[in-house]
Amino acid sequence: MADNKNNYAVHVRDVSKTFGVGATAVPALKGVNFDAREGELLMIVGPSGCGKTTLLSAIAGTLQFDTGEIDVFGSALQKMSKNENSAFRRQNIGFIFQEFHLIPTLNAVENVSVPLLINGVSRAVAERKAHALLAQVGLEGRGHESPLNLSGGQQQRVAIARALVHEPRLIICDEPTSALDKENGARIMELLRQVARAPGRCVVVVTHDNRIFHHADRMTEMEDGRVARVAEINGGHSSSFIPN
Amino acid sequence: MYHIALKMLLGNRSKYIVLVSGITFATLLMTQQSAIFCGLMLWTTGSLQNMRAKVWVTDPKVEQVNEVRQLRDTDVGRVRSVEGTAWAVPLFWGLQQAKLADGRFKQIQLVGLESATLVGRPYRMVAGRIEDVRLPNAVVIDELAIVRLSAGRPKPIGLGDTFEINDREARVVGICRTAKSFFGMPYIFTTYDQALQFAPKTRKMLSFILAEPAEGWTAEATAVAITRATGLRAYTEKNFFWATIRWYFVNTGIPMSFGITILLGFAVGVAVSGQTFYTFVLENLRHLGALKAMGASDGLLARMLILQAFTVGLIGYGLGIGLTSLFGALGLEKGEPPFMLPYQVPLGALAVVLFICVFAALLGIRQIRKLEPAIVFRG
Ligand SMILES: Nc1ncnc2c1ncn2[C@@H]1O[C@H](COP(=O)(O)OP(=O)(O)OP(=O)(O)O)[C@@H](O)[C@H]1O
Ligand SMILES: [Mg+2]
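So the protein lines, in turn, are chains A and B. Under the numbering used here, the residue at position 73 of the first sequence is numbered 73, and the numbers go up by one with no gaps. Under the numbering used here, the residue at position 84 of the second sequence is numbered 84, and the numbers go up by one with no gaps.
What the hints contain is simulated information worked out from the structure, not anything from laboratory work. Computed from a predicted structure; not experimentally measured. We put the CB at the ideal spot given by N, CA and C, even for glycine. Honestly, I wouldn't trust all of these hints.
Reference listing, derived: stretches of chain A covered by chain B, where coverage requires no fewer than 3 residues with Cβ under 8 Å from a Cβ of chain B [stated by the list, open to error]:
#1 89-102
#2 106-120
#3 125-137
Looking at chain B on its own, in the form it has when it is part of the complex (with noise of 0.2 Å):
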């Protein structure tokens, strides 16, 4: 009777292809705008996937990465004098200007890495090598920075070409690869030391202190212990990665739009694909009635019924995750929009999808129970 069930299905087309589009639709709403989500906010952790440290030592007040209250410089001793911990070097970052070749100018993230070690040095190299920072005015550029910097140049911007931050000249070694970030802003890098000459003199220039920890500590023991000893505030990488993504889901409002349109996408499926379908069921109910009268049991109806409900929703569930997959293929090609689809995202959407299904199962199995087969000798 299944293949019958299916038919039934599949012949009435215009009912199938609204009802297959419904979950396509509310699948495709569902998770591409989660994958945007998680995308933005792995975007809010950009440094921390741009500069890697098994430790980060902040503010006590820092609550995330994107936030900088500089420290003392002789902070950095006293993280170095913590047992538990092998070493810690001083980071600059900071958002500054820089100034284009037609006049403009464009923000940039300024990364300055402790000279001697490079730690939190780009993990990718495009061109150049990174240890030519050491050489003065020299600076690393994303591949972003390209793209932005470059407007006014007869040819995009290059290995020794030079531009202007905070009217300092800056001179390209290197070209590097970046995670994006949240500010959408082009990372720089060069020398701590050099990085305080680019940036605007202020009494405390220290934004973060890296650490490793000591030979047989873990990270969370040497974070704990730096907190205990310094009361300076220090995150594991993992840490401080959940701490910013928590900072941004508690403090904008960008997981209540993603919400919204997430539920919408949901109501749009329970809606469009419960509705059709259960009119599919009524359309369907005189002959459902002919099937009950000639013997068909409920329970063999139901499961004709679930079988339908199924099959719409997994084609429809399939088309919607690969068209969200096509949506963010094609966004990772260009870096934009954000986007990112952990495997919880299309199961919670497989999960609301079967719910959808069930439910609308449900409507037309109690129709069916309702149904007398005795209709089906009235006009």
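Bound-form chain A, shown alone (with noise of 0.2 Å):
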């Protein structure tokens, strides 16, 4: 990886993105500053519509923004072609989608095989692995059980382990315990938090959900397309910072 900025896992600079063009326009993001360090989990709040997801997608190399720089671990994304930016993704990248993103029509072993077999990786280790990994959010032994045989807490596990079964350095989630009870919430967080603290890795989680909020090394609050304020919690205690 290139030059690595202070052990920023993603670095981003005046990053403004508008939706749509003339009377419809839309800016979503106004020249957003953030940066993200290896080994924390930080959580980006703010009200809805600011923009966070936005920023998440932008992060992630899913979205073209318009103007700005990002750096995730050292490649700067803006300099990407098509190819290589989804060749990056798939090395790279983990994600947890709110609405999880299962499909239904593969047991969760082969769910969470699918981003080794995106990077060609075998059938039969990409199981091997996926089994392991359902092992290691608890669910072993329920690799061929249909993902709508699983209760929302389940699902999300069977999510997050295929976020990490081709070991990404970056793991982005979006709202990924609003559809979960506080309890299920509480352990996915927990389970994310040692994959953040894990050497080289980062863990970016875009939430609502202020019951999760003290698992979050950093926050960063977003407001109308910009970035607020950001807030370091030490040892789950938040410093003067209270949002919404």
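Hints in hand, dock the two standalone chains.
This is the structure in structure tokens:
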């Protein structure tokens, strides 16, 4: 990886993004500056419509932004071609979506093996690793079940196993706990925190869910397309930070 | 990833069934109708299959084998004397009335073979001997005749039984197998001279002259020589076969009506399968978007779609061809409806099915290319 500025996992400078043109144009990001460090779990919070998901999509490389720079582990996203971008995503980024996005016609193991398969790993190896990951998230022996037969919490754990199976360095989560009860949400966050602490990793979580705020290492608050504040949360105690 | 693609396809049971049945139905409709059409076309050449000769000589205006314009008796001699002709014999063919035991009448195709050589004789005898048609009033009937002429008898008509052709008694001395003809009437064979007795008298009675090329002559060369020398029309067997089919193709509505059904099968295939596959892709767009976000390239997703489309296509095609063959086998057992499946038909259907698959896959691939992976973050 190229020069990695101050151990930044994600380095965002003056990024803006406007949806649409003319009278209907919606400026979703208006010059965002933002960093995420290696080894941390960073949360992005803020009111609805302030641009959290847009920022996350840009960091993940799934959304083209208009101006500015985003470095992920030293690679400049704005300089990548479409193919380089998707190759970068499949190697370096794990996704956890709010809606899980598990494929219902595949069982849990197959769902988890998908990122490895996309990376060209053989089916046998991919499924062996998928089984191991499922065991790690507490779903040992449930690998052959369809996601439809699993509870919401279990489905989210399958999704997390899928996000981790190819050992990506950056894990991107949009509202990972919104479909879960408090207990399940807490378990998921604990898991993500462990992942974030692993060397050379970083977890970025967008959330509204104030029940999980204390799991963050740092919090970034957005307002109207900009980063308003960043707060350190030391040992789970927020310093002067009360969003919304 | 390809097993994932197949699982995504097969997991959606109802869509999968609709997709496969669409292709099956289209394949069935296209190949079965084509086979009936080919079979029907083959039937128009029934006489050519039942009276074999290398060269057929007709009136100059005759365009196909089921059309008769009588020749002069002297024409046989003129053909015989053409260089390149080994021999030439007269043949009588005409639609006549047979009277059944119950008093009803049935149409038959009466064939009169030159009695010395019996050229044009049936290709297979089931009972009796063809040579016995030389006996007075003797006829050889085909198997269809047993079905058609047995009404009013205690048991089916057989060897030794008699019936009337145009009020003249005919005695069955043999039973033969024939190929089906377009008219669907039984063939009754007798000698040329007796045929003239059975048939009502007219000024000219000679239907065709059958000729054999001389040693070292091809049928084509002999036919050309006969036409040039006599002014009559001479066809090789093969040319007469295709001329007959061409005539029915051009002069009847048969190709049109079958063509419409075949086109319908094609349209159903494209519409149902193309459309269903498209909605299948649309319904899966969320998942495809997630795969794309996770770094699956457009190329990989496109190959997955192509695999899905072709899996459906080939399974549907196989089932369709299977059903058509089953239909054909049942039909061939009864001899009806007409059925012939030359290899070009399944090959053509395969091409059409592959076209449908490509079409369906392209629709899906277009969607994938347009797909923004960021949609997976939207609810
Ligand atoms: N694809 C799009 N086309 C047009 N406008 C969009 C699109 N995506 C987002 N927007 C707009 O951009 C703004 C920021 O949206 P974004 O989804 O990033 O907000 P958010 O902070 O994630 O909100 P929420 O908390 O409700 O998820 C909103 O005004 C939204 O309507
Ligand atoms: Mg959002």
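Verification of the hints:
no.	hint	verdict
1	89-102	holds (count 9)
2	106-120	holds (count 7)
3	125-137	violated (count 0)
The structure fails to meet hint 3 from the earlier list, while all remaining hints are met.
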